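Participant: Listed here are the chains, written in short residue letters.
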Amino acid sequence: MITVNGEPLDWKPGMTVQDVLDAKRYTFRMIGVWINDRPVPKNEFTTTEVPDGAVVQAVHMVSGG
Amino acid sequence: MRWLKTYAEKCINCGKCMDTCSKTYFKEENPSLSRVVVTNPGAGQNISVCNQCGACMAVCPTEALYRDKNGVVQLDKSKCTSCLMCVGFCPTGNMLYAASKQTEPFKCVACGLCAKACPTQALVLIND
Amino acid sequence: MEKMKVLAEWTYTPAPIERGYTRKTLYVNVGEPRMEIKDVSQDMIDTFTGGRGFDLKLLWDAVKDTTKWNDPENEIVLSGGPLCGITQYPGAGKCYAAFISPLSGQTYDSNSGGYWGPLSKFSGFDAVEIQGKAERDIILFINGDEGKIQILESNLKDLNAYAVTETLHEYFAVDEADKRNISVISTGKAAETSYYGCMNMSFYDTRRKVARLKQAGRGGGGTIMRDKKIAAMVVKFSKMGGNLNNVVDLDTLQKVGVKLHKEIHDLDDVQCKMRKVGTAHLNEIMDEYHLLPTNNYKFGQNPAEIAKIHSAVYERLFTQGMPDGCWYGCSMSCAKAVDGFTVQTGPCKGEKVTVDGPEYETVAALGSNIGVYDPLWTIEANFYADHYGMDTISLGTAIAFVCECYELGLINRNDTNGLDLKFGNKDDIMELIHRMAAGKDEFASMVAKGIRYMKKAFAEKFKADARTMEAIGMEGQGVETSEYVPKESIAQWGGYYLTLKGPQHDEAWLIFMDMVNKQLPTFEDKAEALHYFPNFRTWFSLVGLCKLPWNDVEPANNRIVNEPREAAKVPEHVQNYVDIFNAVTGKGIRKEDIITMSEKVYNFQRVFQVRMKQGEAFHNIPLRALGPVFPDEWEARREYYDGKLREIGIDPSGLSTEEKIKKLQEYRLGMWEGLKMAVYKRRGWNKKGIPTLETLKRLGIDYPDVVAVVEKYSKPEDNFE
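One line per chain: the protein sequences are A, B and C, in this order.
Start counting the first sequence at 0; every next residue gets the next number (numbering that gives the first Met the number 0).
Start counting the second sequence at 0; every next residue gets the next number (numbering that gives the first Met the number 0).
Start counting the third sequence at 0; every next residue gets the next number (numbering that gives the first Met the number 0).
Source of the hints: derived by calculation from the structure; they are not laboratory data.
All clues stand as given, with none of them false.
Not everything, but these chain C residues come out facing chain A in the computed CB check (under 8 Å): (1) C271; (2) W508; (3) A567.
Some, not all, of what chain B presents toward chain C, calculated at C-beta under 7 Å: (4) P60; (5) T80; (6) V86; (7) G87; (8) Y96; (9) A98; (10) T102.
Model, not experiment: these values are computed from the prediction.
Ideal placement from N, C-alpha and C gives every residue a C-beta, glycine not left out.
With these hints in hand, go ahead and build the complete structure from the sequences.
Facilitator: Printed below as a string of structure tokens:
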């Protein structure tokens, strides 16, 4: 189990940051991700694994008119 | 098209091209005012100068940048509003500016004076 | 066109600009007629900065407590601000307009791109103030080249925006190249009946060879123009240059500007794609997050139809590869256009036109919110809204209200004079828009006056149920809500309905931060955000900048070097603003000063509202903005809403959907009151939302007439402990 923005999400072995975003249907382009308060660069979303028990913040940056 | 071709491997970093360029257009020998920029990042010389690709023309809001009959991209200062978008959008970083001299940007117009000054033919003016 | 008759003419010497200011404002009374050039004091600069601040200060002095929108003393005041007109930093051509609004009866401020703001400053004026009412249609012409102000008798045959703008660019220019030295403010025929008439501000697109229109759309500025019988306001200034603001530190201004140009060049394609699709990239995103208003905000998405209005569809319609900045130097270039569009209906039927591409708000307002999923129709509706002079947001939200009333049977086809106004019935909706402009159809004229007016008129005339309309009419303070579903974000209730002037989107957009990121868990967190963001964004309106380059692109390392909550403020860009403000004005402000500068004007405007509303400047919120009103809304997200009840300790099993809705409404109304009090307190207001004397003193806006308003309407029992 991990938490994403305070809500629980089932953890699977090998789960990447991108998998987490897909599971939450977070399709917004301007998302910053922090795992246990450590930022993950956007180009590493598909390669960075999320450890079990992690606290994930997927922060949607504001944009638009 | 007239443009300046560079042969970095021949360059001896004497600085004559930059002195000539800045002297010609800004009346002082000052490499930071030169349109051709020679640097030495470690492994040999690097010569950076406009290749007349014209990407700047596409972003200019006033069509102040245009290609002359020789294929050289020129700036019509009377139309320029000094927004410097061309500086930010130049793919090779060769649109330059210096607030102390003028509000408008400046660039290589392939005049060839630097090539004449170069003792090793590291810069050659091409007409093709 | 034949030469227009000069009704009045004055000459002046344009004041030079120093550090972003001319220190002069222009006053024109189009009724008397009279012209005056006023000095700008140092105190006015220190307190109000410029732009919207100057607008409100001049408006305050011009109106009485009892002034109505259509009284001659109401004004349209226009100002750019000290940074307006710089070319080195993206988004520096904004013009801010303020007036007493026909929709809300209090001040409204609305802003637009285009060249009016910069060109009027270069012509010598930090602000332009228009008062009085002309007897017949006139054109106000500010000739900055010759130092001449003229009131001309209009001989325009067509008063609609595209026609007016094109004709006047032609009329005042000596040749094709001269057209870009002109900016025209126009509205249209619908502004003569509508309360949400818009102002279109033009710039001439030299590549397309057409005048483009940007809008100060909201609040009814266009309505006031027509009430004053102003057909257009025109400014001309030809001696454009790279440093007309005479800035203190051009070197810094250039360096900071180039840095952002490069950032946009490198990152826009992978971030917001403003250069390719503008704000229309939000369509499918908002749908995914249940935020795209659908059928009068009943729903937040429509999975069956969204593909039809995906931004990729719009991207194909927009002409690509053109510099689309609405002022020189805007590399964000979001002003999209559809070239060669053939109009299908109405008086322009068959004409090929260039339409300024719909922004996200318009795509939603004249699209999903009225049940239409047809980009070509939306582009046509956008064209006519601009042409006829109507705000696309109020128009869309008002029509959405009408469609729902119609489907609920509150009004019928007899009432609508034959139109079948079901959601998505686009032919009849388009006909309604044409009738608004024609001004002869009584029903269309009611729709044109906005939701607050319709609620009363439908109840009186059609015996429509007032309570239902109160629940579903998406207006706050008389102004139609802009195009985001606010239901599931408590902070956004405040972002929309605890605003100075009604639910627009230029104070605070907190939905992601609150609802998705969960960064604002307590009332205090939300109140802090509802203090910081509205004030931060107010600053743009004081100095003459556009909001978009602030956070529609961010530095590549923004989320690496900043913790999440800080990252949302884009600290590097905030520093850019401090640097460019200082580079222009030489003032030496720090980051924190941005908020204080804004607070002065924000609180002044709040007192202004209290003054115009005789103490009753209330913040209302419709039930639809707080959650589901009807069972189908609940059932569309049953699991989600049942969960919301469980979260507050209510077991949904055994309850009917109506009972569930009632329980959630009761709870959320309580939350709304809690939010309101937390926000008022944080802003330094009392329980009635009136700034306290201490707040006025802290901000240095304790002018005797401001203090008098606060003292008149504040009661001791309304103070927070």
